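Since chain E is already given, all that's left is putting chain B on it; use the hints.
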Amino acid sequence: MAENLIQVHGIKKRFGTHLIFKDINMELRPGDSRCIWGPNGSGKSTLLKIVAGLLRPTSGSVEYCVDGACGRPAVFRNSIGFVAPDVVLYGELTLRENLDFLSQCRGITRNVDYENELVERLFPEGLRDDLVGAFSSGMKRKAQFIAGLCHKPAVIFLDEPTSHLDEAGRAEVANIINTLKNDKILLIASNDPDERSWCGETLELHI
Amino acid sequence: MTLTNVAGAERRLSFISKTCAVVRKDGMSEFRTRYALNSALLFCVTCVFVVSFAVKGTVQDTRIVSAMLWVILFFSAMTGLSRAFIKEEDQGTMNLLRLSCEPGPLFFGKFLVNFLLLLAVVVIATPLFFIMMNVAPGNPAFLCAALLPASAAMSAICTLVSAIIAGARARGMLFPILAFPVLLPVFWVAVDATDIAMSARGAWQHSNMLLFLGCYAVAGVVGGSFLFEYIFEE
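Top line first, the protein sequences correspond to chains E and B.
Using my numbering, the first residue of the first sequence is number 1, and each one after it goes up by one.
Using my numbering, the first residue of the second sequence is number 1, and each one after it goes up by one.
It should be emphasised that the hints constitute simulated quantities derived from the structure, not laboratory data.
Note that the structure is predicted; figures quoted are calculated from it, not measured.
The beta-carbon is built from N, C-alpha and C at its ideal position, and this holds for glycine as well.
Just so you know, nobody snuck in bad clues.
Across the chosen pairs, the derived CB separations fall in these ranges: (1) Arg11/B to Asp130/E: 33 to 41 Å; (2) Arg110/E to Asn134/B: 54 to 62 Å; (3) Pro181/B to Thr179/E: 53 to 61 Å; (4) Tyr35/B to Gly16/E: 30 to 38 Å; (5) Glu120/E to Gly92/B: 23 to 31 Å; (6) Ile16/B to Ala69/E: 19 to 27 Å.
Computed footprint of chain B on chain E, listed as stretches where at least three residues anywhere in the stretch have a Cβ under 8 Å from a Cβ of chain B: (7) 51-61; (8) 103-113.
The following block holds chain E by itself, in its conformation from the complex (with noise of 0.2 Å):
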């Protein structure tokens, strides 16, 4: 089986006439984890944007390569997860109907035991079925990690993934990430040391 892939060839992103960042190069395999490390304003979340096929570049090109298959991000939607603050449940159902709309829209079928495990071990305390606009904002951070791992992903992009969470969430989290690392491909933009220390490689961004 061929083994996944992302290439990504000479990222330049420009903001009207601001340049955010330039000559960007990458090549990522199952197993490796990246941090983009830098600044406020350096453009760590863009740059997780264009990878993720969610922002387009001002110039170069990133390619998916999945299971012999290569193409645009999009294309590979259902191989990506992706958690950041601007990745947003629908306020207005419960955890699980998002994650069933989630699954409906991916074509895949739900796989519940997965999903009651991550439910387990990120609400301890139980999760009753509230609206998820009524959660706090770390019980929402914590949501949308269920939503972006769910359908077990080969790509896992974090964007301060642990803002807003406590320190038994923090833990969980550093905790299934760990877990799934080894055998997915891992890019994280951050600002935090601890969630540096996940990533086996770092990538400067200076403004």
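Quick look at chain B alone, frame taken from chain E:
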């Protein structure tokens, strides 16, 4: 059955189930918030009352009555249907959709939700309008046959325009400005068809108008779903 046929059937089934997921999600969301339906209905009913009190039952010219009905429906559509994608952008759920939904089923699902919403407004507002104006359509079947494809065409165009302007700043102003030129042919023909429906006889001789509205609706949905793919991926 060949393998190609099986793959094609699976793709169609997958398209339908993904579309249903979008409709169910938006339906559930609307049921819990009732924002779009309430705002479109309130606007529409208020307009009907304002117009009827303004003219005090003195307008009997069927052309003017038809035009007034469609002006009310047009602006009601502008109020309720613009939310299809603007709501996603405002809530921050657009990226979630980009990461999980294919553009085709998403557009079609959003179109269906908008169509059902507009139908609900039309079903309530149209009889109320005729009662308040003290006129009765001579051929209600022809009127219904015109309202249905015209509503579908309006829903398709409004869904696409909503996606185009979702990320813009002056969205409230942009929506009717962008939607109106594309909806103008529908508006013209729908007013003509409603005018014809007011007389009891000979309305079905003008069924080419219904055909036009139907074709415009199909073109809106098909063209919209192709264009939406480019809008959706940033």
